[in-house]
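Colleague: Keeping their order, the protein sequence lines are chains A and B.
Residues in the first sequence are numbered from 1 upward in steps of one, following this note's numbering.
Residues in the second sequence are numbered from 1 upward in steps of one, following this note's numbering.
Because the hints were derived from the structure by calculation, they are not lab data.
One or more hints might be untrue.
[Said to hold, decoys possible] Label-pair distances were calculated between CB atoms; the ranges are: (1) A:P8 with B:V44: 41 to 51 Å; (2) B:Q9 with A:E30: 19 to 29 Å; (3) B:Q9 with A:E59: 39 to 49 Å.
[What the hints assert, rightly or not] Which stretches of chain B does chain A cover? Using the computed rule of at least three CB atoms under 8 Å from a CB of chain A, they are: (4) 16–23; (5) 80–93; (6) 103–112.
Positions of the beta carbon are idealized from the N, C-alpha and C atoms, including for glycine.
Here are the chains, one letter per residue:
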Amino acid sequence: NAGVTQTPKFQVLKTGQSMTLQCAQDMNHEYMSWYRQDPGMGLRLIHYSVGAGITDQGEVPNGYNVSRSTTEDFPLRLLSAAPSQTSVYFCASSRRGEAFFGQGTRLTVV
Amino acid sequence: GQQLNQSPQSMFIQEGEDVSMNCTSSSIFNTWLWYKQDPGEGPVLLIALYKAGELTSNGRLTAQFGITRKDSFLNISASIPSDVGIYFCAGRNSGGSNYKLTFGKGTLLTVNP
Numbered sequence: 001n002a003g004v005t006q007t008p009k010f011q012v013l014k015t016g017q018s019m020t021l022q023c024a025q026d027m028n029h030e031y032m033s034w035y036r037q038d039p040g041m042g043l044r045l046i047h048y049s050v051g052a053g054i055t056d057q058g059e060v061p062n063g064y065n066v067s068r069s070t071t072e073d074f075p076l077r078l079l080s081a082a083p084s085q086t087s088v089y090f091c092a093s094s095r096r097g098e099a100f101f102g103q104g105t106r107l108t109v110v
Numbered sequence: 001g002q003q004l005n006q007s008p009q010s011m012f013i014q015e016g017e018d019v020s021m022n023c024t025s026s027s028i029f030n031t032w033l034w035y036k037q038d039p040g041e042g043p044v045l046l047i048a049l050y051k052a053g054e055l056t057s058n059g060r061l062t063a064q065f066g067i068t069r070k071d072s073f074l075n076i077s078a079s080i081p082s083d084v085g086i087y088f089c090a091g092r093n094s095g096g097s098n099y100k101l102t103f104g105k106g107t108l109l110t111v112n113p
């Protein structure tokens with residue numbers, strides 16, 4: 001089982017560039033979410049989706065967009081990267097409230 | 001917003017010792033989860049708790065859902081070097097299909113062989 005797959009694993013962006021972090025799951029979970037992890041801050045929710053076509057904001061949504069056209073995929077878009085978005089990003093899909101995480105994308109914005 | 005206070009922030013113990021960490025919340029949760037994160041990896045679910053007072057074990061790990069529904073603890077018995085990592089608690093208080101979780105800031109565990 002692949003579970004939750006995130007790509008890329010590492011990325012360096014220049015300030016102002018845009019990019020999309022990909023997330024795919026093969027567990028047929030309706031609920032998916034994106035978190036960022038910063039030192040000493042734990043995991044903070046960026047956006048989440050309770051099913052295809054439905055998304056909502058989490059705790060720290062500014063600077064990020066999401067869409068959910070299929071059950072399997074939940075991409076996270078940075079429209080204009082800023083140094084404050086340097087972080088490790090985790091995608092998760094959930095069953096019965098139990099979140100299963102991908103391996104993360106380590107993003108550096110210079 | 002909701003806050004989870006997880007303590008201690010870090011622990012440095014000798015192999016073979018028992019470990020205890022806990023989380024407290026300012027609001028009631030209907031689910032408590034405990035995760036472990038190894039360096040460079042995503043968090044992995046260790047134990048899930050769904051009822052107040054529930055006590056659940058997973059090998060050397062034991063976790064409890066507090067009676068007040070505002071706290072949970074995780075114990076690790078007879079620690080070994082591979083227990084090293086960051087342990088997170090997470091709580092959920094939303095219903096239906098909204099599985100939104102709030103995470104603690106983590107406990108960094110170091111085990112000295």
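Colleague: Determine for every hint whether it applies to the structure shown.
Modeller: Comparing the hints with the structure gives:
no.	hint	in the structure
1	A:P8 with B:V44: 41 to 51 Å	violated, 21 Å
2	B:Q9 with A:E30: 19 to 29 Å	violated, 35 Å
3	B:Q9 with A:E59: 39 to 49 Å	violated, 20 Å
4	16–23	violated (count 0)
5	80–93	holds (count 3)
6	103–112	holds (count 4)
When held up to the earlier numbered hints, the structure conflicts with 1, 2, 3, 4 and fits the remainder.
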